[in-house]
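Just so you know, the sequences run in chain order A and B. Everything in the first sequence is counted per the numbering used here, starting at 1 for the first residue and increasing by one. Everything in the second sequence is counted per the numbering used here, starting at 1001 for the first residue and increasing by one.
Everything labelled a hint here was simulated from the structure, so no lab data went into it. Among the hints, a few may not be true.
As the list claims (entries may be wrong) - Each computed DSS-like pair below joins lysine-lysine, with the alpha-carbon atoms no more than 27 Å apart:
#1 B:Lys1381 with B:Lys1428
#2 A:Lys217 with B:Lys1086
#3 B:Lys1079 with A:Lys8
#4 B:Lys1564 with A:Lys16
#5 B:Lys1381 with B:Lys1434
#6 A:Lys209 with B:Lys1455
#7 B:Lys1440 with B:Lys1428
#8 B:Lys1241 with B:Lys1118
#9 B:Lys1055 with A:Lys217
#10 B:Lys1562 with A:Lys16
#11 B:Lys1333 with B:Lys1474
#12 B:Lys1380 with B:Lys1455
#13 A:Lys209 with B:Lys1009
#14 A:Lys249 with B:Lys1119
#15 A:Lys209 with B:Lys1059
#16 B:Lys1224 with B:Lys1050
#17 A:Lys209 with B:Lys1027
#18 B:Lys1241 with B:Lys1434
#19 B:Lys1560 with A:Lys15
#20 A:Lys209 with B:Lys1086
#21 B:Lys1009 with A:Lys217
Residue-level listing of the chains:
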Amino acid sequence: MSKLSDFKVGYFFFKKEVTSFFGSLTGYIVISIFLIANSLFLWVFPGEYNVLDSGYANLDTLFFMAPWIFLFLVPAVTMRLFADEKRTGTIELLFTRPLSELQIVLAKYSAGIALVLFSLIPVLLFFITVGFLGDPAWNIDTGAFWGSFIGLFFLAAVYVAIGVFASSVTDNQIIAFLTAMIISFFFYIGFEAVSNLELWGNFSNTVDKLGINAHYKSMSRGVLDTRDIIYFVTVSLIFLLSTKAVLEKSR
Amino acid sequence: MKIKNRLIKLIISSLIIIIGAYFLSIKFLRFDLTSEGRYTLSDYSINILKNLNDKVYIKVYLDGKGLPSTFKNFRREIKEELDEFKIYAGENLEFEFINPSESPDQEVRFALYGDLFKKGLIPIETNEISDDGKSSQKLIFPGIILSYKGREKAVNLLKSSGNSEPESEENINNSIQALEYEFTNAIQKLSKEKKPKIAFLEGHGELNEFQLMDISSILSEYYKVMTGALNGTPGILNDFKAVIIAKPENEFSEQDKFVIDQYIMKGGSVLWLIEGCKTNVDSLLLTGSTISLAQDLNLNDMLFQYGARINHDLLQDKFYSPIGLTIKGPDGKPKINYYPWYYFPVIVSDNNHVISKYLNYIRTEFISTIDTVGFNPNIKKTILLKSSELSRLDPIPARIALEQINNMPADNEMKAGRRNLAVLLEGKFESVFKNRPVNKYFPGISLPDVLTESKPAKMIIVSDGDIIRNEVDKEGKPSPLGFDRYTRQTFTGNKEFILNAVNYLCDDEGLMSIRSRELKMRLLNHDKIINNRFIIQFINIVFPVLLILLFGIIVSVVRKRKYKN
């Protein structure tokens, strides 16, 4: 089989995932809840996340909250990717296709990322709002915003990889959701918490660096560091490889 | 068996990826996408951080739930800046945030307050808002205490620009801009093992050690500060990074001039604080009047040759610090009244040079003006300080009397405009002893040894000596520099200006350049928010969801059409 058709098959599966997500009502509900939650924190609820009360023309709080809100959004988007196919048995069908496990994993993974990115598009409206409200208008730091946005993308990439993995180990969507959430949570903040324990001694910094937060912090304010990007790519890759191994087992 | 194989394969490939990632991470690049490079540290700071050889520990005393929102923002910026410092310092930098008001026990709290205050942190009072929405007055300490090798140093991070509230957004923004400078400066000071030497000149009636007490103590954090007379000894200044000549009152001998001149020719730096005229404040206060006379220090030819002239005049400025006089109150008891006194000009620094940027007010007394002169193309002249627009020049000699408080000149008599009060000269100076018989003063010297053109050198000339002088009270106790004995307030600009000037003269340009960093204030328009609050909330909640639904409808319509076909 030529490379091109390989890609075509992969793309077909990617498209199938995306359309099936929007074919169900859950897809819309998940994204809508995510968006409404974001909006309420940023614009309505009084408190430190409220942009209008802060008086500053930036969306820092959005990027600060996002890892937490993504803890719910991403597992909800990814939970059905494999779990559903396993439950209904269509996974067997998948294996009869001329596709390697890696291709299947990558197709599902990119579908997950596309869906998360899609749910972020309306966030641009927040950007426009802050731009409009600036004194003078449009004094928002556009470079910083897009830098942070790229950071958010890398964060999502890791969460989706974790979600894909969690979905592959079970045939129950709820369990997939919870597993993804717990692993993501641990990666986000768990390492940092553990690193504060006394027992690490001089290694506490290293333990902290294993977690997402240590790498997301500077990205969330628009500073891209090659080491942080390498971290996000590495973690994603390992989870995808693990997913592949799980699939090979169930074949 | 097969399962085991797969597991081993997974572990091996993961390990390869992790090891690869580790090696790729040894070197790194950082891309700061913020438009002003907000999070980019200067090479100067990075260099200092990378060369630390012991742990710097920083305690930030700004924390707590109830901080006003501007201070929350400030706290976040401090944390982000320290995070950035830690990237380069690694294990050698640790920091923590401490809420000094955390303890519910008032005694513990007050003990900590007292401790922090003693170490040099200045508290400010703010309105703290508790969870139930009640506001109460609380003390906060927006500063840090650094420790390194057992040494400690307190740094106040909140800039006060005099004319605005401490927690105003402008003030906080200025403070945020200064963070890198403050941290780097403090770390450098703590970690520097060998300090460069600077000298205060003596022997021409300069200010004495008590009058220079405050500035000396600040300068000695950076430099080894020495005092001494020249006694016409050539080369005596060679070891010094900078020489400060603070308000001399006696003539300079040609021998001493030659020593200073040749020091400059070798690339030395001089801070001249020279009065254009001699005015005795004590006799003014004691007798009610005094005569201000032109002061001739035998330096005119020298300064003229370098490119500046201190004029024999006396500046009156509408922007002044009042004079306080003790009068008999209605109850017969003495009380202090304040009167306008244009002879104590207060300088508002408003230019962008690193030395004079963002200075607080500077207090001066009986200041003269400076003109730049000459056309030496090798000399760059920068005006650092100017009077206000409403100024007036008294010719010398002038009789100054306290009764003038009652008729200070009207605005239409203050037409002299903005006059130069401090100037920076940089470049290759020409010796004032060029083409002169030096043998006359130094019989032994051979003429070829006399340098006639300087290596690149710097000097700053200020036409007031009181700018560096702290008051000394009757018991001989020195007040802080900038302390105004009449109004009892302290003008912190004096200290900042002198310190910046000396740092600049001593080549600490790397540090100075951090100071010149500027961050744009990005605020929201409060009126727009108040007028549109509901609409903003409505649009931002409803539109994103609508957008998604719209997309869904389009998708399903397209799909149905596809099926139909």
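Cross-check of the supplied hints:
{"no.": "1", "hint": "B:Lys1381 with B:Lys1428", "in the structure": "holds (12 Å)"}
{"no.": "2", "hint": "A:Lys217 with B:Lys1086", "in the structure": "holds (13 Å)"}
{"no.": "3", "hint": "B:Lys1079 with A:Lys8", "in the structure": "violated (48 Å)"}
{"no.": "4", "hint": "B:Lys1564 with A:Lys16", "in the structure": "holds (19 Å)"}
{"no.": "5", "hint": "B:Lys1381 with B:Lys1434", "in the structure": "holds (21 Å)"}
{"no.": "6", "hint": "A:Lys209 with B:Lys1455", "in the structure": "violated (50 Å)"}
{"no.": "7", "hint": "B:Lys1440 with B:Lys1428", "in the structure": "holds (26 Å)"}
{"no.": "8", "hint": "B:Lys1241 with B:Lys1118", "in the structure": "violated (32 Å)"}
{"no.": "9", "hint": "B:Lys1055 with A:Lys217", "in the structure": "holds (23 Å)"}
{"no.": "10", "hint": "B:Lys1562 with A:Lys16", "in the structure": "holds (15 Å)"}
{"no.": "11", "hint": "B:Lys1333 with B:Lys1474", "in the structure": "holds (21 Å)"}
{"no.": "12", "hint": "B:Lys1380 with B:Lys1455", "in the structure": "holds (14 Å)"}
{"no.": "13", "hint": "A:Lys209 with B:Lys1009", "in the structure": "holds (25 Å)"}
{"no.": "14", "hint": "A:Lys249 with B:Lys1119", "in the structure": "violated (65 Å)"}
{"no.": "15", "hint": "A:Lys209 with B:Lys1059", "in the structure": "holds (22 Å)"}
{"no.": "16", "hint": "B:Lys1224 with B:Lys1050", "in the structure": "holds (25 Å)"}
{"no.": "17", "hint": "A:Lys209 with B:Lys1027", "in the structure": "holds (16 Å)"}
{"no.": "18", "hint": "B:Lys1241 with B:Lys1434", "in the structure": "holds (24 Å)"}
{"no.": "19", "hint": "B:Lys1560 with A:Lys15", "in the structure": "holds (17 Å)"}
{"no.": "20", "hint": "A:Lys209 with B:Lys1086", "in the structure": "holds (13 Å)"}
{"no.": "21", "hint": "B:Lys1009 with A:Lys217", "in the structure": "violated (33 Å)"}
Consistency note: the structure conflicts with the earlier hints numbered 3, 6, 8, 14, 21.
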